[in-house]
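Order-wise, the sequence lines are chains V and D. Quick note on numbering: the first sequence equals residues 1 to 174 in UniProt numbering. Quick note on numbering: the second sequence equals residues 1 to 170 in UniProt numbering.
Where hints are given, some of them may not hold.
As the list claims (entries may be wrong) - Result set (EDC-like, lysine to aspartate or glutamate): computed pairs, CA atoms no more than 20 angstroms apart in a straight line:
1) D:Lys59 <-> V:Asp27
2) V:Lys44 <-> D:Asp153
3) V:Lys107 <-> V:Glu146
4) V:Lys44 <-> V:Asp25
5) D:Lys68 <-> D:Asp4
6) D:Lys59 <-> D:Glu124
7) D:Lys145 <-> D:Glu124
8) D:Lys59 <-> D:Asp16
9) D:Lys59 <-> V:Asp25
10) D:Lys59 <-> V:Glu105
11) V:Lys107 <-> V:Glu14
12) V:Lys151 <-> V:Glu112
13) V:Lys44 <-> D:Asp82
14) D:Lys59 <-> D:Glu130
15) D:Lys68 <-> D:Asp19
16) V:Lys74 <-> V:Glu105
17) V:Lys74 <-> V:Glu12
18) D:Lys59 <-> V:Asp7
To be clear, the hints were calculated from the coordinates, so they are not data collected in a lab. These numbers were taken from a predicted model, which means no experiment stands behind them.
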Amino acid sequence: MTTLTIDIPVLETERLFLREPRLSDLDAIVAFGMSDRTEFVGGKLEPWQSWNVLNAAIGHWINRGFGWWVLEDKATGAVAGRAGIGYHLDWPEPELGWHIYDGFEGKGLAYEAALAARDHANRHFGLGPLISLIAHGNTRSRRLAERLGAKIETEDFQIRGTPCMIYRHPQVAV
Amino acid sequence: MTADLTTARLTLRMPDARDHASYSAFFADAEASRFYGGPLLPYQAWERLAADIGHFMLKGFGRFVIEKDGQVIGGCGILDVDGWPGHELTWWLLPAARGQGIAQEASRAVLAWAGTELGWPRVETHFRDENTAARRLTESLGGTKQRRETFPDGIDRDIYAMPTTEKVSA
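Based on the sequences and whatever the hints tell you, model everything.
In structure tokens:
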């Protein structure tokens with residue numbers, strides 16, 4: 001008998017739950033994939049590609065023991081975005097990342113989520129100090145990385161052919 | 001959650017991280033993977049594997065890997081992409097594993113499992129018109145054409161249904 005279990009911790013912040021991806025999150029993930037908000041994170045995706053993103057997000061937790069959470073807005077239950085630790089096959093090391101969906105930007109939610117994810121990764125996943133890979137033109141993400149205390153480590157990195165910078169985050173003392 | 005399926009020659013089990021080499025080898029082969037969205041780079045094959053693993057968690061069924069003599073030689077199972085016209089019995093085989101009736105043997109095990117474990121009376125599949133191997137295999141499994149639809153990728157495909165209640169000739 002093969003069994004598969006998955007243990008994704010739920011993190012709570014002032015305004016968010018960071019929780020496991022669910023089938024019911026698909027519409028929000030598809031809408032993000034078709035939006036201009038993907039400009040700095042790989043570009044637009046067809047709905048079926050976003051379907052694979054949702055599936056692979058769960059597979060990532062199983063394969064790596066950590067991954068990206070869905071950000072649930074506590075006030076409304078809506079999906080506000082996704083954030084977490086991604087370590088894809090071709091990634092230099094585990095990365096702290098965040099996507100904020102339409103209607104939820106400009107409220108500091110990405111900061112709240114990234115801080116909680118980073119803290120959890122440092123304390124419980126044995127990861128860190130973490131990096132964030134950020135495209136040069138992605139000024140909002142760069143500002144957030146700097147607000148999180150991350151420092152530029154490399155200006156001229158490339159991931160999947162796209163130039164980006166490596167930011168290095170501070171580590172929570174465990 | 002999902003038990004292994006066994007046939008005379010094969011074991012079908014849920015995919016896991018160990019299967020990356022097999023996925024990479026299959027998807028690196030442009031000819032072998034042309035009906036599967038290939039060729040893919042290794043990191044893309046890794047995402048595909050992760051998606052296949054996640055599918056089992058989200059849907060309760062998915063695409064197994066096929067082991068023969070302890071080696072992974074392909075995959076077979078049911079995928080259901082939300083937003084597409086139907087679910088799909090699907091199989092892939094490394095080139096060296098073809099021509100031995102393995103896709104049919106694995107498919108029969110999956111159909112039987114869909115009938116007994118999922119409680120489905122029938123399983124659908126679809127394929128491109130030029131994929132004559134898939135059509136032949138589907139017909140050998142008792143599949144009959146149900147309808148034709150335009151898929152989100154703009155390609156028209158026939159949709160077939162196969163009964164799950166056929167006696168399994170393992």
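Hints versus structure:
1. With a CA separation close to 16 angstroms, the supplied pair D:Lys59 and V:Asp27 stays within the 20 angstroms bound.
2. The straight-line distance between the Cα atoms of V:Lys44 and D:Asp153 is roughly 15 angstroms, inside the 20 angstroms bound, and the hint therefore holds.
3. Note on V:Lys107 and V:Glu146: the hinted pairing holds, with a Cα-Cα distance of about 17 angstroms set against a maximum of 20 angstroms.
4. For the hint linking V:Lys44 to V:Asp25, the alpha-carbon distance of about 18 angstroms falls within 20 angstroms, and the restraint holds.
5. A hinted pair counts as satisfied when its Cα atoms are at most 20 angstroms apart, and D:Lys68 with D:Asp4 qualifies at roughly 13 angstroms.
6. Of the supplied pair hints, the one linking D:Lys59 and D:Glu124 holds, its CA atoms being roughly 16 angstroms apart against a limit of 20 angstroms.
7. For the proposed pair D:Lys145 and D:Glu124, the alpha carbon gap of about 9 angstroms is at most 20 angstroms, so the pair holds.
8. For the proposed pair D:Lys59 and D:Asp16, the alpha carbon gap of about 16 angstroms is at most 20 angstroms, so the pair holds.
9. Our distance criterion of 20 angstroms between C-alpha atoms is met by D:Lys59 and V:Asp25, whose separation comes to about 14 angstroms.
10. Of the pairs offered as hints, the one joining D:Lys59 and V:Glu105 is violated, with about 31 angstroms between alpha carbons and a cut-off of 20 angstroms exceeded.
11. A threshold of 20 angstroms between alpha carbons decides the hint, and for V:Lys107 with V:Glu14 the separation of about 12 angstroms falls inside it, so the pair holds.
12. Taking the CA atoms of V:Lys151 and V:Glu112, the gap is near 18 angstroms; set against the 20 angstroms cutoff, the hint holds.
13. Only pairs whose Cα atoms come within 20 angstroms are accepted, and V:Lys44 paired with D:Asp82 is accepted, the gap being roughly 18 angstroms.
14. In summary, the hint linking D:Lys59 to D:Glu130 is not supported, as the alpha carbons are separated by about 29 angstroms, beyond the 20 angstroms threshold.
15. Pair hint D:Lys68 plus D:Asp19 holds up; C-alpha atoms about 14 angstroms apart against a cutoff of 20 angstroms.
16. The suggested pairing of V:Lys74 with V:Glu105 holds, with an alpha-carbon distance near 15 angstroms, which does not exceed 20 angstroms.
17. For the hint pairing V:Lys74 with V:Glu12, the CA-to-CA distance comes to about 9 angstroms; that is within 20 angstroms, so the pair holds.
18. Taking the CA atoms of D:Lys59 and V:Asp7, the gap is near 17 angstroms; set against the 20 angstroms cutoff, the hint holds.
Checked against the numbered hints given earlier, this structure breaks hints 10, 14; the rest are met.
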